[in-house]
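A.B. asks: Listed below are the residues making up each chain.
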Amino acid sequence: MPVYSLHKDRFFDPDPTVRKFASEIYNSTKELPIVSPHGHVDPKIFADNHPFPNPTELFLIPDHYLFRMLYSQGISLESLGIPSVNGKKVETDPQKIWKIFAENYYLFNGTPSGVWLDYEFNQVFGIKEKLNSNNAIKIYDELQEKINSPEFLPRNLFDKFNIEILATTDCVIDDLTFHKEIKTSGWNGKIVPCFRPDSLTDLSSNMWMPNIIKLGEKFGSEITSYKKYIQALEERRKFFKEMGATSTDHGVFSPFTQELSYNKVEEIFQRALKGDSTQEDVKLFTAHMLMEMARMSSEDGLVMQIHPGSYRNHNQIVFEKFGADKGCDIPIKMDFTFNLKELLNKYGNNPNYTLIIFTLDESTYSRELAPLAGHYPAMKLGPAWWFLDSIEGMTRYRELVTETAGFYNTVGFNDDTRAFVSIPARHDLSRRVDANYLAKLTAKHIINISEAIEIGYQLAYELVKKTYKL
Amino acid sequence: MPVYSLHKDRFFDPDPTVRKFASEIYNSTKELPIVSPHGHVDPKIFADNHPFPNPTELFLIPDHYLFRMLYSQGISLESLGIPSVNGKKVETDPQKIWKIFAENYYLFNGTPSGVWLDYEFNQVFGIKEKLNSNNAIKIYDELQEKINSPEFLPRNLFDKFNIEILATTDCVIDDLTFHKEIKTSGWNGKIVPCFRPDSLTDLSSNMWMPNIIKLGEKFGSEITSYKKYIQALEERRKFFKEMGATSTDHGVFSPFTQELSYNKVEEIFQRALKGDSTQEDVKLFTAHMLMEMARMSSEDGLVMQIHPGSYRNHNQIVFEKFGADKGCDIPIKMDFTFNLKELLNKYGNNPNYTLIIFTLDESTYSRELAPLAGHYPAMKLGPAWWFLDSIEGMTRYRELVTETAGFYNTVGFNDDTRAFVSIPARHDLSRRVDANYLAKLTAKHIINISEAIEIGYQLAYELVKKTYKL
Amino acid sequence: MPVYSLHKDRFFDPDPTVRKFASEIYNSTKELPIVSPHGHVDPKIFADNHPFPNPTELFLIPDHYLFRMLYSQGISLESLGIPSVNGKKVETDPQKIWKIFAENYYLFNGTPSGVWLDYEFNQVFGIKEKLNSNNAIKIYDELQEKINSPEFLPRNLFDKFNIEILATTDCVIDDLTFHKEIKTSGWNGKIVPCFRPDSLTDLSSNMWMPNIIKLGEKFGSEITSYKKYIQALEERRKFFKEMGATSTDHGVFSPFTQELSYNKVEEIFQRALKGDSTQEDVKLFTAHMLMEMARMSSEDGLVMQIHPGSYRNHNQIVFEKFGADKGCDIPIKMDFTFNLKELLNKYGNNPNYTLIIFTLDESTYSRELAPLAGHYPAMKLGPAWWFLDSIEGMTRYRELVTETAGFYNTVGFNDDTRAFVSIPARHDLSRRVDANYLAKLTAKHIINISEAIEIGYQLAYELVKKTYKL
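Chains as they are written, first to last, in the working numbering: chain X, 1 to 470; chain C, 471 to 940; chain Z, 941 to 1410.
Hints listed in this document are in silico derivations from the structure and should not be mistaken for laboratory results.
Treat the hints with caution; some may be incorrect.
To be verified - What the simulated footprint calls covered on chain X by chain C, stretch by stretch (three residues with Cβ under 8 angstroms from a Cβ of chain C suffice, anywhere in the stretch; the number is not a length):
no., region
1, 330-341
2, 359-367
Unchecked claim - For lysine-lysine, the following DSS-like pairs were computed, each having C-alpha atoms within a straight-line distance of at most 25 angstroms:
no., chain 1, residue 1, chain 2, residue 2
3, X, Lys-128, X, Lys-138
4, C, Lys-796, Z, Lys-1286
5, Z, Lys-1223, X, Lys-341
6, C, Lys-811, X, Lys-321
7, C, Lys-478, C, Lys-490
8, C, Lys-791, Z, Lys-1281
9, Z, Lys-1266, X, Lys-341
10, X, Lys-346, Z, Lys-1266
11, X, Lys-8, C, Lys-490
12, X, Lys-99, X, Lys-89
13, C, Lys-653, C, Lys-688
14, C, Lys-608, C, Lys-566
15, Z, Lys-1406, Z, Lys-1100
Stated by the list, open to error - In silico contact screen, one side only, chain X against chain C (beta carbon under 8 angstroms); selected entries:
no., residue
16, Asp-15
17, Arg-68
18, Asn-109
19, Gly-110
20, Thr-111
21, Tyr-311
22, Asn-313
23, Gln-316
24, Gly-323
25, Ala-324
26, Phe-387
27, Leu-388
28, Ser-390
All values reported here derive from a predicted model rather than from experimental measurement.
The beta carbon of each residue, even a glycine, is placed where N, CA and C say it ideally should be.
Please build the complete structure, drawing on both the sequences and the hints.
C.D. replies: Here is the structure:
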């Protein structure tokens, strides 16, 4: 049975010159605090500060990166205990589920999930053997024991992980109760919300109408017009900002942007209130609302993120049985040059506006995104996202982006995770990959080692704080 | 004159750590039998087991990878002896043609054809010098002598190549006479057919009507309706399966899938029988027949392959003079997320169905294909295909696919060749490239050497047998 | 302060085996004369042979690669002295501008601009320290002193750079006065024009009508019909050819090609003369004129270049204030398989025709361009262009193209620059990257060192002369 011994130079090129530089650069960044400007950790865990229930519910159930892969190999989601939408019975024995996970742990070889898990098990929980079918329950028990101990309570882990600040992602109509509780709890962990209006800007969402009603309740007046809708959103932004938010996030299907006339948008809005939206309405309203959100950002200074290009819930059967975010969102090909033109022409030269763009279509890196970010002062490039948040993915990102956009039009790392204990693993991996990329530039005499160390610091810590205004 | 000495560590990274691991992994796979689940070798050569006529007709004439490159440099296909469609005279002196090939052999430097030929000449035929204009005839004579000897008869080469099983590609209406002859010949080489219905599902093919007539003859009743057409196809699938087929293959222009109503498809079919198909008919019928083929596969268990996205016979002049498959098929950009949605929603969760997807558009690897294969249990990724079946191409494939789909949603190697003697060269190259990729993961401490050796075995032998049910 | 010491093995892989081969290959090409078949240097500087005014006007003002990056970081173009269209005042103190440039020089770390500038400062101008905010004026003064000395006059630099031939890019209606002056000056530097008809073939250009009038003046008869227009263009091509031109260049938005009937094109032309062009007219006329230009090239032998796929002047505000070519041209996604079909079918098999295709969409390299160039005798692939003319960009180009198109369907290097003193830096970088690529092939035993050296010679010198007929 292979003993875990995470190599100190793991993920670095084996060439001795590169490895030496990579190690030097990484050593200068590895102890820096974690700044996590975008992610999906539930703030409730820090408000409550209860122990995590068990290894299965800590590692597997919330992480669609993991059960997606198991499902692809014919393992049913029911047998993995993924909660069903209609309450249909699924496996509830956490040890039984854990055993399936352990038996199939080899599927993660060569994937980022594999190296994150190795880190979490070994570096966070002190597990000494790689998980497999033989040691499944033994390791389960070890993990359970740790989970039950005070040092593995959420807040203690937060401190241990050296997290300087963590942003959550929150629906516009959320009261941010857990954020308030954290603030008043006396604990000094810094957790801030992020303003995500998708369910209120996507007219095709089945949450649109219910959320519009709730928005009216918060606003103290029913949302009967586009004008009131905008006022209510502006008020919510103000509230989020008071609660510490520095950014907004927009998970649109397409980054198409287009400003509509007031009459036109009011018409569309009225049809939506009646439940009569057309497909064209949906498309135009989203395009228009991206313009409105950019306008508000240029006024209130909230940094605007766009995460476009995912075909959500591609597998209808899985969606109907298990709901959203179950590993069946599939990327589509993207255009930014045409789609962002109107937005960038109106706000891209504005010094008070910051736009961070993400992509799942790597063909856009060198073709569109690096040229755009290498020109427009307002636009920056988000890090390699989702499927691309990986050793090769992050390496390609730097290789495809740097020569046109440089380092200073990028914004450091996002962990973008629901899996709280994977945060240090993800940041460590990102720092290692960037160190290795910089080491290669150094070994090729493109930059020198002191420049590499300075850039390493920027990528690991400074750029993210500066761009996200944290 | 450079002496051939194919280096034992060829195609491995020069870094000593990587090279050592690559060599170790490759040594564990190099002697494994060849499993060739998809290709275009003519079964007649094994039925007849006659000597190949001469080096020119063995190496050059059937291989459009080779004369394509010569043509691109201004060498006419006539001078290379490529048979014309209309019987117009072309060069018939094999030595004269061979000399042109030899003079231009340097054009293949840095291409997979170059390294395959090096292997074939040196490792299969024992040639000791690299081909050039000076030694052209000397090497021709050496090759001719070998070709004439019994050990270079097709069946003996098949055994020498250690081929465990070889699949051909066969038109639905083929009687599989040569397959029958091989079976009853007493020779124990295992050669199986593959069910390819393209000329019967593509309404725009000029072979559609003649083949429908032949299909009726096999079926014992004229094909006068869509219903009979489907029954006849099902019967042919049964026959192919009895003859050893385990898969079907679909060389469609687009992977668009859509099920039509029975009335709609019968209308389209009736128009086709009258020769009145519209462009829309052609598109919809192909989309519908992919759904039908998936339905049949989910019933009879034949593995379904889709090879989409090639604009066939792009050069009309060459097509008119020399026919299809003359090196002028050009890839187009692809979408799978939208196009496969209907098929995957209906059959992608079905445990009795296997779909293997290929692409010529590398931008789809990380964007669409790895996410799809990393989710749907039925879908697997075919290896790097055609222009991408190369050292860099296969390396990029692993780099772009593995982190999202893992290794176990891929299906090993396809040689996909018409050039029988290139088979061991192609499998050897694939095993070397995979060994090198795994060696890099090992040297970077992403996996350990025993995991790498296990995965190497899977990629070289086990996954292909399992997925193709061989 | 880091002392400049451009490493002799810079940009080569650090692996000792690769580096040794790369060094050997590079040493065999580094002294070869520079052949620059395509670029945008102003011929006036060689006709006048006046000293360059100052470092700021020599390095920064003409180079949108540089001020683009500064602008992306919030530095106004006014403060950089970029001349405004409407005469609005901009910064005129070259030292003040230089200081901003120096303070932000670190932004170019990891970009090709950074390594080109390092070469220019250190290798051309003998500067011993890397530019920064502290040494800005000191280095400015050193550069100014050099600029003022006779050995830094344009013609002397041309000779020092060992330029064998330099092509400019010239509007069809240009009198080529400076080319004439250079020819009759007694100086033996070889500078030739290139025929660029964009403003006369793009009906949407606001220069179309004025240039049509000027074309009539040159032709000696007002351009009142499509027929006269074609005759006039043919006459201009003849004049350019007499002046030494061997190529034409076409900066089209899309490479769509389609031949129109005479009646149809005359109708479109007449509408254009009246200022009544429709969008469809613009598209069809460009498509038709690419066909006409191919026809003329197949008759007069001028090599045809197409540089498609840039969305020019994406930032309307910058365009209105500062005009074209200000760093805000953004690439779009491309198709060549469909768009070039008509042109390649008509002229692609013609031995008297040469077509060189460029792209800014890297997804087309392996998918479309290498397969097309690896088949059609007339078509060749231009080198990595614009944003892709970089270490990683040129490396990806070779990796994505070579295995399908080989080396001999590519055409060596283009510097494509407005920045005259960057020419040796750009060619040196290209030779180093190609040497490194060939070294990797050699170290992996794909080719041998003598083949690598021969190919290196072809890529650095021979292929460009042969393909461009220089």
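A.B. asks: The structure should be examined with respect to each hint, and the outcome stated for every one.
C.D. replies: Right, here's what the structure says about each hint:
1. A count of 4 residues in the region 330-341 of chain X with a Cβ less than 8 angstroms from any Cβ of chain C is obtained; the coverage claim is therefore met, three being the minimum.
2. Counting residues of the region 359-367 of chain X whose CB lies closer than 8 angstroms to any CB of chain C gives 4, which reaches the minimum of 3, so the coverage claim holds.
3. For the given pair, X/Lys-128 sits about 11 angstroms from X/Lys-138 by alpha-carbon distance, which is consistent with the 25 angstroms threshold.
4. Between the alpha carbons of C/Lys-796 and Z/Lys-1286 the distance comes to roughly 18 angstroms, so the proposed pair stays at or under 25 angstroms and holds.
5. The suggested pairing of Z/Lys-1223 with X/Lys-341 holds, with an alpha-carbon distance near 21 angstroms, which does not exceed 25 angstroms.
6. Straight-line distance between C-alpha atoms of C/Lys-811 and X/Lys-321 comes to about 18 angstroms, which keeps the hinted pair within the 25 angstroms bound.
7. As the CA atoms of C/Lys-478 and C/Lys-490 are separated by approximately 12 angstroms, the hinted pair is consistent with the 25 angstroms bound.
8. Our distance criterion of 25 angstroms between C-alpha atoms is met by C/Lys-791 and Z/Lys-1281, whose separation comes to about 18 angstroms.
9. Using a Cα cut-off of 25 angstroms, the hinted pair Z/Lys-1266 and X/Lys-341 holds, with the two alpha carbons roughly 17 angstroms apart.
10. For the given pair, X/Lys-346 sits about 18 angstroms from Z/Lys-1266 by alpha-carbon distance, which is consistent with the 25 angstroms threshold.
11. Between X/Lys-8 and C/Lys-490, the direct Cα distance comes to roughly 21 angstroms. Compliance with the 25 angstroms bound is thereby established for this hinted pair.
12. A distance of roughly 19 angstroms separates the Cα atoms of X/Lys-99 and X/Lys-89; the hinted pair therefore holds under the 25 angstroms criterion.
13. Restraint check for C/Lys-653 and C/Lys-688: satisfied, since their Cα atoms lie roughly 21 angstroms apart, inside the 25 angstroms limit.
14. The suggested pairing of C/Lys-608 with C/Lys-566 holds, with an alpha-carbon distance near 13 angstroms, which does not exceed 25 angstroms.
15. A distance of roughly 24 angstroms separates the Cα atoms of Z/Lys-1406 and Z/Lys-1100; the hinted pair therefore holds under the 25 angstroms criterion.
16. Annotation: interface hint on X/Asp-15 holds; nearest CB of chain C at approximately 5 angstroms, less than 8 angstroms.
17. The closest approach between the C-beta of X/Arg-68 and any C-beta of chain C is roughly 5 angstroms, which is under the 8 angstroms cut-off, so the hint is satisfied.
18. Taking 8 angstroms as the C-beta contact cut-off toward chain C, the hint placing X/Asn-109 at the interface holds, the least distance being around 5 angstroms.
19. At about 5 angstroms, the closest approach between the beta carbon of X/Gly-110 and any beta carbon in chain C falls short of 8 angstroms, and the interface hint on this residue holds.
20. A cut of 8 angstroms between beta carbons decides the hint on X/Thr-111: the least distance to chain C is about 5 angstroms, and the hint holds.
21. Given the 8 angstroms rule on beta carbons, the hint for X/Tyr-311 holds: about 5 angstroms separates it from the nearest Cβ of chain C.
22. Given hint, X/Asn-313 at the interface with chain C, is violated; its Cβ is 11 angstroms from that chain's nearest Cβ, farther than 8 angstroms.
23. Among the interface hints, the one on X/Gln-316 holds; its C-beta lies about 5 angstroms from the nearest C-beta in chain C, closer than the 8 angstroms criterion.
24. Nearest Cβ of chain C to the Cβ of X/Gly-323: about 15 angstroms, over the 8 angstroms cut. The hint is violated.
25. A distance limit of 8 angstroms between C-beta atoms decides the matter here; for X/Ala-324 the minimum to chain C is near 14 angstroms, and the interface restraint is violated.
26. Using the Cβ-Cβ criterion of 8 angstroms, the hint placing X/Phe-387 at the interface with chain C is satisfied: the shortest such distance is roughly 5 angstroms.
27. The criterion of a C-beta within 8 angstroms of any C-beta in chain C is met by X/Leu-388, whose closest approach is roughly 7 angstroms, and the hint holds.
28. Nearest Cβ of chain C to the Cβ of X/Ser-390: about 4 angstroms, under the 8 angstroms cut. The hint holds.
This entry does not satisfy hints 22, 24 and 25, going by the numbered hints stated previously.
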